[in-house]
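Chains A and B, in that order, give the protein sequences. According to the working numbering, the stretch in the first sequence is residues 1 to 233, in order. According to the working numbering, the stretch in the second sequence is residues 1 to 170, in order.
Honestly, the hints are just simulated from the structure, not real lab data. Warning: the hint list may mix true and false statements.
Stretch by stretch, here's where chain A covers chain B in the computed footprint (C-beta under 8 Å, at least three residues) [what the hints assert, rightly or not]:
1) 65–71
2) 81–87
3) 105–113
Where a beta carbon is used, it is the ideal one built from N, C-alpha and C, also for glycine.
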Amino acid sequence: MVEKRGADAIAAVIVEPVYGATGVLIPPLGYLQRLRGICDRHGILLIFDEVITGFGRLGVPFAAEYFSVQPDLITAAKGLTNGSIPMGAVFVRQGIYDTFMAATGGIEFFHGYTHSGHPVACAAGLATLEIYESEGLMNRVQTLADTWEAAAHSLHGTKAVIDICNLGLLAGIELESAEKPGQRGFEAFLRCFEKGVFVRTARDNIALSPPLVIQPGQMNQLFITLAEVLNGL
Amino acid sequence: MYYTTADDRQVLDGTAGLWCVNAGHGRREIATAVHDQLLRLDYASSFQMGHAGAFTLADRLVQLLPGDLNHLFFTNSGSEAVDTALKIAIAYHALRGEPSRQRFVGREQAYHGVNLGGVAVGAFPPIVSFLAASPPESITSAIPTTWPTMPLAKGRPSGAQTSPTSWKRW
Numbered sequence: 001m002v003e004k005r006g007a008d009a010i011a012a013v014i015v016e017p018v019y020g021a022t023g024v025l026i027p028p029l030g031y032l033q034r035l036r037g038i039c040d041r042h043g044i045l046l047i048f049d050e051v052i053t054g055f056g057r058l059g060v061p062f063a064a065e066y067f068s069v070q071p072d073l074i075t076a077a078k079g080l081t082n083g084s085i086p087m088g089a090v091f092v093r094q095g096i097y098d099t100f101m102a103a104t105g106g107i108e109f110f111h112g113y114t115h116s117g118h119p120v121a122c123a124a125g126l127a128t129l130e131i132y133e134s135e136g137l138m139n140r141v142q143t144l145a146d147t148w149e150a151a152a153h154s155l156h157g158t159k160a161v162i163d164i165c166n167l168g169l170l171a172g173i174e175l176e177s178a179e180k181p182g183q184r185g186f187e188a189f190l191r192c193f194e195k196g197v198f199v200r201t202a203r204d205n206i207a208l209s210p211p212l213v214i215q216p217g218q219m220n221q222l223f224i225t226l227a228e229v230l231n232g233l
Numbered sequence: 001m002y003y004t005t006a007d008d009r010q011v012l013d014g015t016a017g018l019w020c021v022n023a024g025h026g027r028r029e030i031a032t033a034v035h036d037q038l039l040r041l042d043y044a045s046s047f048q049m050g051h052a053g054a055f056t057l058a059d060r061l062v063q064l065l066p067g068d069l070n071h072l073f074f075t076n077s078g079s080e081a082v083d084t085a086l087k088i089a090i091a092y093h094a095l096r097g098e099p100s101r102q103r104f105v106g107r108e109q110a111y112h113g114v115n116l117g118g119v120a121v122g123a124f125p126p127i128v129s130f131l132a133a134s135p136p137e138s139i140t141s142a143i144p145t146t147w148p149t150m151p152l153a154k155g156r157p158s159g160a161q162t163s164p165t166s167w168k169r170w
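One chain only, chain B, in its complex shape:
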């Protein structure tokens, strides 16, 4: 739960690093597994080849998913996963005979990583600001999030009000 600063202070991690260290820091089992793997097989191409670890992990992971989300594609980050998902979506429709489906709908102020696809579907102002124009209209439309606000809501707010929120977050 703690980081140690350069000047030896303990700092409680309220963010799991960046929403990612769910099991807490300093997990020896992970370090050992990584060390052993580096000595056993440090790199293997996933093009025309495969290694057991990827399949083992994939099989274990899909057990955690509901319904028939039974297959996965590995990337190196959430940003890459998002762009990959967008590509899969377009390709899927094309394979089914609907190649006209080329656009996406995202939400205002959503964050879907920083590759251009993710930037286009998440209208996250600081990220989008570098683009000369709004994200390519050819592939995305941002829907305003008309979530009702319910100040100090515990858990999920009820959907009673429907007036759009005007966010001053950015």
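Chain A on its own, in the form it takes in the complex:
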């Protein structure tokens, strides 16, 4: 892509360190490092979209730390306020900030929302951080990841399951499509809800990302129910 467009036409590359909405997809070893290297060579900024991976999902506060790759910007939201009050944030490196602040002539970055830094959202964010820190939630997944992995992969052999992947407290289960793509996934979603479990489906992919406070018994409930539902479809 750099060759096609010319490096000096490209401002940034943006990636989710782990795909989310399309279904959980995990980067292969070395992938993000290589991306960082390409960006460095061509003066391109690297943006990590950590809206999903932020705030402990992988067992450390942010995926950048987990993958040992330093992006230039990180976007975050969701867990920032525990989903309570809408809020997002863009983190930037010192050099980017300095560049804006050094510019002369009025407002450095003419941008902002009516509700940027809203006092109530900030209060929710601070209270959320207090909880994460006092309960060690942003590191808790380190102690859960192995159990979670085993539980997720216990679905191997379940009807229509063609792939399972996991990282941190994320799991993706790819289902074989029925006649109409998306049909199986949607029915699984409905049946799970009837049986007392809420899952997320993207077409025929099930994406799991429970609260970081989950207990092993609840993991069992989640996967046992899912297996029952899938086998019964």
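Position chain B relative to chain A; hints supplied.
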């Protein structure tokens, strides 16, 4: 960990709401903080003014980030954060004397929210389908994700194979 349905059933939340309720539901501390704040200062403009809470939160948040990711810009959602980041990227390069850097590279099937910027850099088929043409070529190019597939991989797949995956996800 549970929702209660309208007909009083307990439903285990396997999704943290929408990947967002990391601390679980019903956290009284957050409710109390919100309640108190609404009575103390319900709204404050961030234009030419500031309030302490925003700076306190910002200072606490940047402690969590690696390296020198020391500054942040608040938005109201991930979608807005993405569009803001794209703007910052273009403006940054322009300020440094490289205004030609106007394009972005995203990945196929990536999701970066639903504002037009995020839609353009994430070639997420159902979202893009409403556009008459592919996302504006002027600002984006989607790279196919040639991740090797490794079925039933636990954790991170090794990069041994390099054949492109053809996804039938959408």
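Okay, the hints, checked on the actual structure:
Coverage of the region 65–71 of chain B by chain A holds in this model, with 7 residues showing a Cβ closer than 8 Å to a Cβ of that chain against a need of three. With a threshold of 8 Å between beta carbons, the proposed coverage of the region 81–87 of chain B by chain A holds, since 6 of its residues qualify and at least three are required. Three residues within the 8 Å Cβ limit are the bar, and the region 105–113 of chain B against chain A gives 8, so the coverage statement holds.
In this structure, none of the earlier numbered hints is contradicted; all agree with it.
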